[in-house]
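Engineer: Listed in order, the protein sequences are those of chains A and B.
So for the first sequence, the working numbering puts the first residue at 1357; every next one is plus one.
So for the second sequence, the working numbering puts the first residue at 2; every next one is plus one.
Be aware that a few hints might be false.
Anything over 10 Å on all C-beta distances counts as not near chain A; from chain B, calculated [claimed, not checked]:
hint : residue
1    : Gln406
2    : Phe628
3    : Val636
Calculated cross-link-like contacts (lysine to aspartate or glutamate; reagent style DMTMM-like; alpha-carbon spacing at most 25 Å) [what the hints assert, rightly or not]:
hint : chain 1 : residue 1 : chain 2 : residue 2
4    : A       : Lys1369   : A       : Glu1424
5    : B       : Lys215    : A       : Glu1424
6    : B       : Lys211    : A       : Glu1424
Selected chain A positions facing chain B (Cβ under 7 Å, derived; list incomplete) [what the hints assert, rightly or not]:
hint : residue
7    : Ser1453
8    : Gly1454
9    : His1455
Read the hints as simulated data drawn from the structure, not as lab findings.
Positions of the beta carbon are idealized from the N, C-alpha and C atoms, including for glycine.
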Amino acid sequence: MSQQTKKGHFPWKHIIGFLISIALTLVAFATALWTDWSSSTIFIIILIFAVIQAALQLVMFMHMTEGEDGGLISGNTLFGFFIAVVIIVGTYWLMTSGHMHMSM
Amino acid sequence: MDLKWNEFIITGDPLILGAQISILLGSIAVVAALTYFKKWTWLWKEWLTSVDHKKLGIMYILSALLMLFRGGIDGLMIRTQLAKPGMEFLDPQHYNEVFSTHGVIMILFMAMPFLIGLINYIVPLQIGARDVAFPYLNNLSFWTFFVGMALFNISFIIGGSPDAGWTAYTPLATNEFSPGPGQNYYLLAIQIAGIGTLMTGINFFVTILKMRTKGMTLMKMSMFTWTTLITMLIIIFAFPVLTVALALQTFDRLFGSVIFTLQGDGNPMLWVNLFWVWGHPEVYIVILPAFGIFSEIISTFARKQLFAYKAMVVSIVTISVLSFLVWVHHFFTMGNSAEANSFFSITTMAISIPTGVKIFNWLFTMYRGRISFTTPMLWALAFIPNFVIGGVTGVMLAMAAADYQYHNTYFLVSHFHYVLISGTVFACFAGLIYWYPKMFGHKLNEKIGKWAFWIFIIGFNVCFFPQYFLGLDGMPRRISTYTEADGWTGLNFISTIGAFMMGLAFLIFVVNIVYSWRFSPREKTGDAWGLGRNLEWATSSSIPPHYNFAVLPEVTGLDPYWDMKEKGLDQQKNVDYKPIHMPNNAATPIIMSVIMGAAAFGLVFHWYWIGIVGGIGIFITMIARSFDYNDGYYVSVEEIKETEAKANK
Ligand code: HEM
Ligand SMILES: [Cu+2]
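The whole structure should be built from the sequences, with the hints applied where relevant.
Structural biologist: In structure tokens, the structure reads:
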């Protein structure tokens, strides 16, 4: 645990994280309610905000990067994220391009 | 499923009848022997419920050898059928079943457990630990693997084997084209074994990261430990894909969903894609530990530190990333866009760079070394040129345009046997012989070992080298016969001769195990070859005591045991012993796994109630486990003193 969480210190990190989270939620909410963009655009925007917020929570609230294993845990999480993106994007690309799109 | 009794038990084939009788007689003999010698409790307490990584390692290796035998018989049956045009040894259906089980068994139930067995035995010793991070899980991993293996193997006597290839491509593998239980066996058996592998992945990843002895930083780990770490990382990210893909196909077959089917919105190509998303990393899972084993052996018997250790580490880490970026090279011909094929063609060629780096590192390690030509070293030396042949032809296959010519021919079959056999199988033999004194307290006979070695590598090349030319002559893989007019007769016949030579070499290897057990001199020290460099050789006795190290060793650099010998200190002789905490045996894993196997067996035949009862059973064993507060015991100082005194006699 780092210094901030010791007694007597004001938990700035949590407050800031909390505020950003609320802001992200509101923006996502606004995009869905008050814009007339196509639903796929809205979907992608919300998705991006969701990913940012998930990362924020892991770092700000769950202290993923702190402690002796911080680097390790963050590294592995990033690697996992990378693999997931590769698999999803790769699969989507393959299944929708070339001759393949004809059979879909 | 409405099955008649004679469809349930396979009848009417003399080969299978022979197998059924020998299995029956074999099981009766084992049960009778155990009962006669009153060994049941011994078996249960010392082995089946043991959480000792060393015993689990040995059990993995024994199972793998058994599977090498079974898969090898499959291979010989394939080769017999193909020896001449128009052979009637196997009918086409039986042929399909044999090559499908051959592939699955060799990769998942031979190569994987063999390597995991060696890893289990050696890696905790090399990092100076007393056990793995999760000993209970280790036992559970073994049993899920074992039950998956057993389930897969009974398919050929009960209900019929899968026949859609080890790749089980849809739509061929859907209910429409593969009715019957065979493909269900494939899905459920691999699912169960796969869960075990995933747990092994997590277990050893954590073990290596958290349980290294004092002073052993990441960059002071042995190369085998490094390759294991990266292999486990790949397992953690690749196996979930297999789990999901298998589950989806299981849904299609058992519950009528339409994910990979031709009906509805199903897309059969998605299976091919998902299979290889796992399948290519899997190839690296079985080759990286092999690289590690060769690194150990080469540096030991060249009496030199591994050349360019850092470059080695960088190249395996690079491989771990790249191995996830190349999977499409297995289906260039499926009709992807030109951009996609080009992209994956380039990533595939890129992966040969770090592999090439490693080859040079091994060569430079041997350069100016004083090389002892022991059997493990011979296997390691043979690996290099043979693997290069496999690698070079791999690069030829990687060119998407050229692959339209090679794909699905014997050229491909030859390629993957060159990499898998001269990589993984040679490493399994080499590693087993190298670490044999560590496991059993005596070496394997070198003379017999060299006979086995020469016959095997000659047979291997005689078997598979001609297959490159068969492929170039247009012989497709997975055909059960051909005609004289095809012009493939001569090369096929030669290939079959080579296959039987490998079979002979395997028999000699087994004879060597028995011979050496009777006649080899017993080792007196922990350093059987006298040249050991890493901590597995630093134990006080030739077979390590169950707690491995009475005093945990301290490490200051690479090749720590070599260092200690140079400085003339033996840390194990330190007299200041403390009680050692060790984990307890566990009975739930075997029970849980057997229930899993029974449930899966029910599902294979669509007997859903067995699946449901089994599911409840699994849940109950899990609850039982979570109320198990027993967290190990202490080995007393007296016991340690006694054991160490015996060892240091
Ligand atoms: C005794 C030594 C062996 C012989 C004689 C042998 C022979 C063969 C033959 C002839 C085939 C082609 C079958 C066909 O498509 O018509 C084949 C396929 C295959 N072999 Fe081997 N093999 C041997 C050892 C191994 C080993 C050690 C491994 C793996 C570590 C292995 C993995 C495979 C795989 C994955 C396939 C593809 C199966 C499929 O396409 O369904 N083989 N083998
Ligand atoms: Cu591949």
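Engineer: A separate judgement is required for each hint: does it hold in the structure or not?
Structural biologist: Going down the list of hints, with the structure as the test:
{"no.": "1", "hint": "Gln406", "verdict": "19 Å, holds"}
{"no.": "2", "hint": "Phe628", "verdict": "29 Å, holds"}
{"no.": "3", "hint": "Val636", "verdict": "29 Å, holds"}
{"no.": "4", "hint": "Lys1369/A x Glu1424/A", "verdict": "19 Å, holds"}
{"no.": "5", "hint": "Lys215/B x Glu1424/A", "verdict": "16 Å, holds"}
{"no.": "6", "hint": "Lys211/B x Glu1424/A", "verdict": "11 Å, holds"}
{"no.": "7", "hint": "Ser1453", "verdict": "4 Å, holds"}
{"no.": "8", "hint": "Gly1454", "verdict": "4 Å, holds"}
{"no.": "9", "hint": "His1455", "verdict": "3 Å, holds"}
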